[in-house]
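Number of protein chains: 2
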Amino acid sequence: MRVLITGVDGYLGWTLSIHLAARGHEVAGIDHYGRRAWVGEMGSQSAIPIAPMAERLSAYRERLDQNLRFFKGDLCDYDFVLDAYRAFRPEAIVYLGEMPSAPYSMRDVHTAIYTQSNNVLGTLVTLHAMREAVPECHLVKLGTMGEYGTPNVDIPEGWFELEYRGRKERMLFPRRAGSWYHQSKVHDSHNVEMACRLWNLRSTDIMQGVVYGTKIDEQEGHPLLATRFDFDQAFGTAINRFCAQAVIGMPLTPYGKGHQKRGFLPLRDSMQCLALAVENPPEAGDYRVFNQFEDVYDVMQLAERVQRIGNEFELGVKIQPMENPRSEAEQHYYNPDREHLLELGYRPTRDMDSELRSVFADLIPQRRRIEERREAQFPDIRWDGTRRRSRSLNR
Amino acid sequence: MRVLITGVDGYLGWTLSIHLAARGHEVAGIDHYGRRAWVGEMGSQSAIPIAPMAERLSAYRERLDQNLRFFKGDLCDYDFVLDAYRAFRPEAIVYLGEMPSAPYSMRDVHTAIYTQSNNVLGTLVTLHAMREAVPECHLVKLGTMGEYGTPNVDIPEGWFELEYRGRKERMLFPRRAGSWYHQSKVHDSHNVEMACRLWNLRSTDIMQGVVYGTKIDEQEGHPLLATRFDFDQAFGTAINRFCAQAVIGMPLTPYGKGHQKRGFLPLRDSMQCLALAVENPPEAGDYRVFNQFEDVYDVMQLAERVQRIGNEFELGVKIQPMENPRSEAEQHYYNPDREHLLELGYRPTRDMDSELRSVFADLIPQRRRIEERREAQFPDIRWDGTRRRSRSLNR
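Protein sequences appear in the order of chains A and B. Quick note on this note's numbering: the first sequence kicks off at -17 and runs consecutively. Quick note on this note's numbering: the second sequence kicks off at -17 and runs consecutively.
So here's chain A without its partners, still in its complex pose (with noise of 0.2 angstroms):
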């Protein structure tokens, strides 16, 4: 199948083009290097080097026996965009060039309206250069499950049956998100679900858990085919910044009590789930939502995990509470479906402690890398508006 691949530069992008070139697919990829460039933003840079994309290409040529072809260009840019589609014609679009930080989006004013631009126009420009160049296409759409916040109810995937006075309909699941970022995607989900609507457009939403994890077995050690990892406050998700917090001798920083309760998968499985998704696409007009995450785990208990693993390689991992500079609920009720991606045959790794192990193996000898920006790690963007470094909690 012609996939076509936003943010190809990315974590998550990256890694897929390559499980997707192994499983047979014929692979395209736009991006514009805003990843980078918002990390540096943060003061950071990825553990793991990232080497620019004409060499990220030549390798891909060589380990995996195909091109990838790429588009360098933005995603707001309707003609960039239909020229793309025109010229590789996907029959699958996976969608994840779009900005992926709360922080990032809730540092000011200038940064919420990016972001959202960013995200909800682009995904606005794509849903009419498919209409105009590709309907018949899939967009699988990464959104977060996020969107959702932390309900005192069920979370069903996407759509439930309202009972409401007497009547029923069935509509879709209220989302109440917590960052403009995680905003940018519920406006996202309200948009794609209108274009199947009224265009016959087709899509998956992917109401993505927190991913973790440096590698797939089908990038082979090869460093150039390695995807990013991010450790600093904006772009590391909890796991990944605990793990190199960890390597540099620093104590790892739950926020607040510890106790918000989230969906995570390891990136190999969101690998597996994606490719799912792309291989078995909807029906024309049919606006699916997959929740995808393994299991939900409070990040205290995380937190732990990652200490004892730390402490199987020496490091004397300790656990350093930290002021919440979030607003979010600290001990609430989640439980949240996950359903369709498991009929679809997804089986989830369940093995978060090789799977560390892994990491660990990886980021220790980017140690240095990781030092050389340890003053990234420090949350000081704080979700009422001030900059202010979070200070440490008692446990």
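Treat each hint with caution, since some may be false.
One copy or two, it doesn't matter: identical chains are merged, so the pair holds either way.
[Claimed, not checked] Capping the alpha-carbon separation at 27 angstroms, the derived lysine-lysine pairs in BS3-like fashion look like this:
#: 1; residue 1: Lys150; residue 2: Lys239
#: 2; residue 1: Lys243; residue 2: Lys150
#: 3; residue 1: Lys150; residue 2: Lys54
#: 4; residue 1: Lys243; residue 2: Lys300
Because the hints were derived from the structure by calculation, they are not lab data.
Assemble the complex: chain A is given as a structure, and chain B must be docked to it using the hints.
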């Protein structure tokens, strides 16, 4: 109270500036004359002549004995908006500064992007500027009943108690909008709710029905205090468009079967409701939603009503339904609540006939201006992305 109106040069904004001044409020306004430009782009003009802002402001001062403090600029420009808020220190902001047309937003990819960019980012700028400069200020935000679409269940006012699998939660009622414009309002609602929740701002989000009418009493028939009246396919609302068609001897053109039901209210009642919202602010942190309309009608009933009143003016009015350029349900359940404004003291006018007589009295002298832009009334912007003039249908 110091009230700032964004979009003060528009149909509702200008009228509200007069209504609030007459009620003793101090009024400021922001505009960049977008409405004039968009209507011009559609090949049309206001049926009622509108003077340049400088002349409007002079007349305002003369007749109402107070200044309207006017700031000319773009609501997406943070520095400009922040500066205006700091200068005027509004206690309430009535946010009418959005691109208000569904057909315009569906015209092409560029107007779709413009609509969501102007509306969503402008609101986002305002939320940030409020937090920075006037955190106690009350945001009266104009949404639309179209955010909800036409679900097969009752429509509460914004919030509802969801019962789901034996648990309960107060949540936003699910939205299902039918155009990029309506979606922009859905996105606004989500953004504004979050700003109230995270930043303790306060807002009333007005889900307004379709407004009709040419004037309010406080304009005293003064031509420089008059508000605009659009009749083109994009910016003319249904009843207003029917009245303009009747005046130039064109048949009234309800779309499709004409059994689309919507909530309607006259301009004077829209003013009454907005003033009630302004004068009764919610608590800090509160995001409340008002469904603002008078009665629900189906579009064919309204055409027949306009026909009857138009014939009192010997206009020989005919009705000739047209192919529906939109994708929308033409037969559907529709039962929205509207209690909140009644509880605050809203007294509906409830006399559509005399309102329509007043519209005809104002429009008949402008027959030539409507004739000049006759072509602008024929719908050719289609929801499927094509551009083709709707055909007439047998009734």
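Hint check:
{"no.": "1", "hint": "Lys150 <-> Lys239", "in the structure": "between (40 angstroms within a copy, 25 angstroms between copies)"}
{"no.": "2", "hint": "Lys243 <-> Lys150", "in the structure": "between (31 angstroms within a copy, 19 angstroms between copies)"}
{"no.": "3", "hint": "Lys150 <-> Lys54", "in the structure": "neither (47 angstroms within a copy, 48 angstroms between copies)"}
{"no.": "4", "hint": "Lys243 <-> Lys300", "in the structure": "within (21 angstroms within a copy, 63 angstroms between copies)"}
Comparing the model with each earlier hint shows a violation of hint 3 alone; every other hint is respected.
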